[in-house]
Structures are given as C-alpha cells and as structure tokens.
Amino acid sequence: MKILLVEDNERVSQFVVKGLQEAGHTTDHAGNGRDGMFLAASEPYDVIIMDRMLPGDIDGLAIIEVLRKTGKRTPILILSALSEVDDRIRGLRSGGDDYLTKPFAFGELLARLDALHRRAQGVNTETPLSVGDLHMEPLTRKVTRGDRPISLQPREFKLLEYLMRHAGQVVTRTMLLENVWDYHFDPQTNVVDVHISKLRQKIDAEFERPLLRTVRNAGYTLTADD
Amino acid sequence: MTSMMRSSALSLALGYVALGIAALILFAAPLWYAWQVTIQEGRVEFLQADAQRLTDVFRRDGAAGLKSFIDARVQMQIAGERILLLTDASLHPIAGNLPAWPADVPPIPGNYTIRVAVANHGTQTALAHVANLGTYKLLVGRDNALFAPLQTHFWYGLAAAIAVLSVAGLLIGLMTRRALLSRVDSIRQTVSAIIHGDLQHRLPTQLHDDELNTLSRTINGMLEQIELLVHGVRNVSNSIAHDLRTPLAELRSRLEELALIRPPAEQAYAEIDGAVADVDRVIRIFDALLRLAEIDAGLRRSGFVALDVADLAANAVEFYAPAAELKGIDLAFRCDGSLWVLGDPILLAQALSNLIDNALKYAPVNGAIEVGVQKHAGGKHAGGEHAGSAEITVSDNGPGIADSEKAKVVQRFYRGDASRGTPGVGLGLSLAQAVAKLHGSALELSDRKPGLRVALNLALDAPGAALPAQQPAAGAVAAAT
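Which chain is which? The protein sequence lines are A and B, in order.
When we follow my numbering, the leftmost residue of the first sequence carries the number 1, and every step to the right adds one.
When we follow my numbering, the leftmost residue of the second sequence carries the number 1, and every step to the right adds one.
Quick caveat, the hints were computed from the structure, so don't treat them as lab data.
Treat the hints with caution; some may be incorrect.
Restraint ranges, calculated between C-beta atoms of paired labels, are given here [said to hold, decoys possible]:
| no. | chain 1 | residue 1 | chain 2 | residue 2 | range |
| --- | --- | --- | --- | --- | --- |
| 1 | A | 19 | B | 250 | 23 to 31 Å |
| 2 | A | 197 | B | 260 | 33 to 41 Å |
| 3 | A | 71 | B | 440 | 53 to 61 Å |
| 4 | B | 364 | A | 26 | 54 to 62 Å |
Coverage of chain B stretches by chain A, computed from C-beta distances (three or more under 8 Å per stretch; other residues unrestricted) [what the hints assert, rightly or not]:
| no. | segment |
| --- | --- |
| 5 | 83-96 |
| 6 | 99-112 |
Below are the SDA-like pairs computed for lysine to any residue, each with C-alpha atoms no more than 25 Å apart in a straight line [as the list claims (entries may be wrong)]:
| no. | chain 1 | residue 1 | chain 2 | residue 2 |
| --- | --- | --- | --- | --- |
| 7 | B | 327 | A | 204 |
| 8 | A | 158 | B | 274 |
| 9 | A | 18 | A | 32 |
| 10 | A | 18 | B | 333 |
| 11 | B | 361 | B | 408 |
Since the model is a prediction, treat every value here as computed from it, not as a measurement.
Don't be surprised by glycine CBs; every beta carbon is placed ideally from N, CA and C.
Model the full assembly from the supplied sequences, consistent with the hints where possible.
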C-alpha cells in the first residue's frame with residue numbers, strides 16, 4: 001500500500017513510518033497541514049492517515065473536507081487525541097472513514113488501514129465468500145466447511161461474515177465491537193474473546209486445520225495460509 | 001456615612017420621601033393658584049365698585065363734595081384697611097389717607113399692586129385701582145392684611161405635612177436598612193467563610209418566603225451543588241492518584257529492572273509485552289474517567305435519539321450470553337415488548353453493559369442473572385406530564401451490597417470488599433449512575449436477599465414527541481465496514 005501520514009508529532013511519526021515500512025508499505029510523511037494538503041491532492045495514495053490537530057492554519061478536518069469536495073475518494077483514517085463521542089462523529093461527518101484515538105496500539109492502526117484499503121476496493125455483499133474450505137453465502141445465509149453445513153446464530157453469522165470479508169488481515173477486538181455489535185465503548189472484560197471461542201467451536205473444532213487464529217497483542221485473523 | 005448614603009434601603013426611603021413631597025406640592029400649587037385668582041378677582045370687583053360709587057359722588061357733588069365724602073370716610077374707617085387718595089392733575093393730594101401719590105403707580109386708569117406703609121401693620125402689599133375723574137385722579141386701594149393669617153396657615157400646614165413625611169420616611173428607611181443590613185451582613189459573613197474554604201456553611205433562611213429568603217435558598221442550592229462537585233473532584237484526584245499510581249509503579253519497576261538486569265531477548269520481550277499491558281490499563285482508566293467527565297458535563301444530550309430499550313437490553317444480553325454460559329451462570333431476559341425512550345444509545349448500552357458485567361463478576365458459579373425491561377404506568381417520575389417509564393433491571397444472586405455501602409458503590413473508584421481480587425477499575429457503577437443522571441434518572445439499588453437488584457427508570461418517549469427524522473444513532477455513522 002502507498003500511505004500518506006499527516007502528523008506533526010515527531011516521535012509518533014517515526015514510530016508509525018517505521019512500523020508501516022516493516023509491514024511492507026511505502027509511506028510519505030507530512031509534518032504540517034500545508035504539506036499534507038499538497039501531497040494528498042497531488043499524489044495517488046491508497047490510504048491517508050490524518051492527524052486531527054495540526055500546527056498552522058490548516059487542521060486535519062479542513063484538509064479532509066477540501067479533498068472530499070474536490071472529489072478525492074481516498075480512504076482516510078483520522079488520528080486524534082480527542083476521544084469524546086461527539087468529536088468522533090464530527091470527524092466522520094467531515095468525510096473521514098475511520099477514527100482512532102491516541103494513544104493507540106500499532107496493531108490496531110495497521111488492522112484498520114488494511115480494512116479501509118479493502119473496503120475502498122469495493123466489496124460485493126452478495127458474492128459468496130470463502131476462506132480455505134469454509135464457504136459462506138451471504139444471500140441465503142448458508143455456511144459450510146468442507147461438505148458439512150454449519151449452523152450459526154445471527155450474531156455469530158455477522159461475526160464470521162466480518163472476519164471472512166477481512167480474511168488474511170488482523171482484526172482487532174475494538175473493530176469487532178464496533179462493526180459486529182455497534183458498541184463504541186470498552187466493555188472491560190474479555191467478552192469478545194468468548195464469542196470468538198464459541199465461533200471457533202463451530203467452525204474449527206472438528207477440523208484438522210484451524211482457520212480462526214489469535215494474533216498476540218492485536219486480535220484475530222481468519223486465514224487458510226500457514 | 002458613605003455606607004449610609006449608599007444603603008439601598010435608605011436611598012429608597014429617601015426617594016419615596018422626595019416623591020411624597022413632590023406630590024404634596026403638586027397638590028397644593030393649583031389649589032394655591034386657584035385661591036389667589038379667586039381672591040384677586042373679588043378684590044378687583046370690590047375696588048371697581050367702590051371707585052364707581054366715588055365717581056357717582058363726584059358727578060353729583062363735584063370735587064369739593066367728593067373731598068368731604070372722602071374725608072368723612074377716612075375719619076370713620078380702620079386705618080390701613082382701605083386706601084383712598086384724590087389728587088389734582090399734577091398728582092398733588094387733595095383728600096385721602098395717603099401722604100403722596102405712590103411712586104410705583106402710574107397715573108393711568110387700571111389695577112396695580114403697590115406697597116404702602118400702614119400704621120400698626122408695617123409695609124403691606126395692597127391692590128390699587130386708579131380712575132380719572134375729569135382732571136382729577138382717584139386711587140382706591142385695599143391692603144392684603146385681611147388675608148395674611150389665612151396664607152400663613154396654608155404655608156404652615158404645608159410645611160408641617162412635609163416635615164412629618166420626611167421624618168417618618170427617614171425613620172422607616174433607617175429601620176428597613178437596619179433589618180436588611182443585619183440579614184445582608186449574615187449572608188456576607190457566610191459567604192466570606194465559604195470564600196475562605198469552609199464549604200459547609202449555608203445562608204440563614206426564614207420560614208416566610210420573601211425575596212431575600214428565596215435568594216438565600218437558591219444560593220444554598222448552588223452551594224450544595226458546588227460542595228458536591230468539589231467533593232467529586234477531590235475524590236477523583238485521590239482515586240486517580242491511587243488507581244493510576246499502582247499500575248504506573250508496576251510499570252516503572254518493570255522497566256527499571258529491565259534496564260538493570262538486561263535479560264536475554266526472549267525474556268526482555270515478555271517484559272515489554274507486560275509493560276504495554278500496564279500502559280493499556282492506565283489508558284483504560286483514563287478513558288473511563290474522560291467518559292465520566294464528558295457525561296457529567298451534560299454535553300452528551302446532543303446524542304439523544306428515540307430508541308427501543310427492549311432492543312437495547314436484548315442486544316446486551318445476547319452480547320454477554322456466551323460469557324455467562326462459560327461461568328455456568330443462567331442469564332435470563334424478560335421484557336414486555338418494545339418501549340421507546342429518548343436517550344443516548346451508546347451511553348445506555350455502556351451503562352447496561354457495565355451493570356451486566358458487574359452482575360457476572362459477583363454472581364456465584366452456577367448462579368442466575370435476570371435482565372428485565374418492564375413498563376410502568378405514568379406517575380412514578382417527577383417532572384410533570386409523561387407517558388410512564390421503562391424500567392431496566394439487572395438482578396443477580398451474588399453477595400449483594402450492604403445498605404451502608406449502597407451510596408458508596410456509585411462513587412468513583414469505590415470498590416466494595418467483595419470486589420477485592422476481581423478485575424476492573426471501579427468505575428462501572430459510577431458510570432452507569434452518571435448515565436442515569438444524564439437521562440434524568442438515578443440508579444436504584446435494592447436487596448434480593450441474596451443478591452442485588454439494580455434498576456434504572458427512563459421516562460417513556462411521549463407519542464408524537466419523538467423526532468423520527470433525527471440523525472441516525474451516533475454509532476451508525478461509524479459502523480459501515
């Protein structure tokens with residue numbers, strides 16, 4: 001992926017740029033709103049990471065609004081130290097696609113970037129999904145592994161669908177909470193893990209190769225690769 | 001003295017005195033004027049009639065006849081009351097009781113006011129009428145001495161009325177000022193005690209409600225709230241100090257040890273992972289505190305939409321069902337069908353999730369938790385007309401909470417004895433309480449013996465009051481992956 005990072009904090013920028021490079025992405029960095037606006041408008045990026053508060057007269061939300069008005073559809077992830085729900089809504093209304101509060105875990109950032117990139121490439125919600133020998137028909141809500149049908153509760157179906165649409169990517173607990181349950185808060189306990197292990201019982205338990213794997217310090221990934 | 005002049009009670013009284021005097025004068029002035037005009041007219045008529053009579057005498061008996069007539073009258077009458085003077089064309093006196101033609105009267109027919117010296121009465125103002133009798137000049141006058149006592153009475157009366165009004169006004173003003181000052185002073189003393197940091201003082205109030213008392217009550221209410229907030233802030237800072245100090249201390253010693261020992265890579269990585277987990281714990285506490293502050297500030301009311309409580313509760317129960325199952329707890333859900341309220345979906349979900357989470361922590365293994373949503377007919381909520389309320393309850397059969405601790409558990413960071421050794425930052429119930437407060441309600445904790453029942457009452461959305469065209473629930477914006 002080609003990524004633009006607009007962020008004024010040196011340490012955060014270094015940390016993010018280095019991490020993205022290690023994950024195999026090319027990253028441009030702009031330290032202020034003016035440079036950020038220029039790069040975002042002139043270069044083709046797959047994803048833009050935009051800090052909300054920038055020094056100078058152009059802040060992150062202003063850049064996003066300008067980009068959207070000029071027809072740029074590049075997915076944008078907003079980084080912000082403002083965590084209030086209203087700030088988040090304002091950020092998303094201005095044209096951002098996702099919102100991450102500082103401080104954040106790098107794994108969370110990477111997972112969200114992958115999800116944004118995947119979403120931007122366009123998903124057909126009707127085409128059948130498959131990961132290895134696990135198949136899902138979104139229209140008929142039929143799930144099979146190998147030739148065995150798997151029966152799922154509605155929420156389990158939604159959980160599995162989300163994981164399958166992001167197959168091969170790391171999906172964090174927060175992403176699952178937000179997208180599967182629409183919960184925008186931290187429920188303190190490991191409830192998501194329990195849901196995952198229940199799902200695992202249904203799709204992995206009786207099979208030789210586990211598909212749903214735990215990624216330490218980050219979340220989960222559904223993959224057929226080793 | 002300046003403080004006396006500045007006293008609002010006194011200046012108000014003085015203002016009223018001035019107004020009273022002005023009213024008195026306004027009343028007396030036209031009266032005085034009308035009186036003067038009537039008297040003047042009467043006197044002029046009288047003088048004219050007198051002059052006419054003398055003219056008749058002159059026509060009948062000539063100048064000599066008039067002279068003896070005047071002489072006779074001057075002899076007869078009381079000095080000063082009537083003024084008579086007959087002169088020739090060169091104003092040389094012929095008869096009458098004036099020694100000479102008065103300097104302030106021109107020898108032209110008409111009415112004049114003159115000043116004359118009268119025996120026993122000093123100088124008097126008099127009214128004079130001048131008439132031409134052939135080449136002779138006749139002056140007939142009347143002094144005003146007759147009316148002087150009346151005038152004097154009038155002025156005395158007016159002055160006395162003004163004096164009584166002023167003294168009474170001043171006295172009332174001073175008394176009011178004293179009464180008011182003593183109350184204002186007690187308020188001032190209380191307030192200065194509060195300024196010096198003693199928040200427990202309250203303004204004195206009285207049984208009967210006057211303006212000052214209403215003000216005192218309002219200020220007392222404000223003080224109550226301020227004391228509560230200050231206590232809250234003090235509690236929070238104490239609790240932050242306590243709850244953040246522990247993980248920060250652990251983090252510090254972990255890192256220090258790491259730098260000191262320099263263990264092999266594998267072990268170092270494990271330590272770093274542990275450090276990251278410590279930081280995450282600190283961040284989690286911070287987030288919870290910020291969320292609480294945000295709710296307390298009441299800023300979140302903008303996120304209110306019409307929502308179905310039953311649906312919200314069903315989702316929360318479904319979310320926690322696997323966790324309950326894992327612990328062998330029976331998590332039951334009971335509801336009366338859809339109940340619509342105006343509220344913040346994110347915060348209500350979080351509050352309910354905290355309540356269920358708590359119940360899961362304290363319910364014994366193989367215990368039971370029941371989440372219920374039921375409708376109450378109108379009348380339970382304070383605050384006027386409404387369509388009844390929706391009660392969300394979370395009941396468990398755990399150890400429950402002692403009555404003495406019920407008020408404390410909703411406080412920030414308070415963790416009951418039973419909670420030692422369980423994970424959590426002690427903000428769950430206080431957050432639920434803050435959310436309840438934002439929705440105009442409060443958590444009700446009651447005993448089930450054994451177990452705890454937590455109830456949250458929400459006013460039902462009155463039919464028609466809902467705004468169906470409102471923005472989507474805050475969460476819906478972010479949830480479109």
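The hints, checked one at a time:
Remark: the range hint 23 to 31 Å for residue 19 of chain A to residue 250 of chain B is upheld by a beta-carbon distance near 26 Å. Between residue 197 of chain A and residue 260 of chain B, the C-beta spacing of about 39 Å keeps the proposed range 33 to 41 Å intact. Hint check: residue 71 of chain A to residue 440 of chain B, Cβ distance near 45 Å, so the stated range 53 to 61 Å is violated. Taking the beta carbon of each, residue 364 of chain B and residue 26 of chain A are about 56 Å apart, inside 54 to 62 Å as hinted.
Here's how the segment 83-96 of chain B fares: 0 of its residues keep a CB closer than 8 Å to some CB of chain A, so the rule of at least three is not met and the hint is violated. Only when three residues or more bring their CB closer than 8 Å to a CB of chain A does the claim for the segment 99-112 of chain B stand; here the count is 0, and the claim is violated. Of the pairs offered as hints, the one joining residue 327 of chain B and residue 204 of chain A holds, with about 22 Å between alpha carbons and a cut-off of 25 Å not exceeded. The straight-line distance between the Cα atoms of residue 158 of chain A and residue 274 of chain B is roughly 33 Å, outside the 25 Å bound, and the hint therefore fails.
Between the alpha carbons of residue 18 of chain A and residue 32 of chain A the distance comes to roughly 19 Å, so the proposed pair stays at or under 25 Å and holds. Between the alpha carbons of residue 18 of chain A and residue 333 of chain B the distance comes to roughly 49 Å, so the proposed pair goes past 25 Å and is violated. A hinted pair counts as satisfied when its Cα atoms are at most 25 Å apart, and residue 361 of chain B with residue 408 of chain B qualifies at roughly 18 Å.
Checked against the numbered hints given earlier, this structure breaks hints 3, 5, 6, 8, 10; the rest are met.
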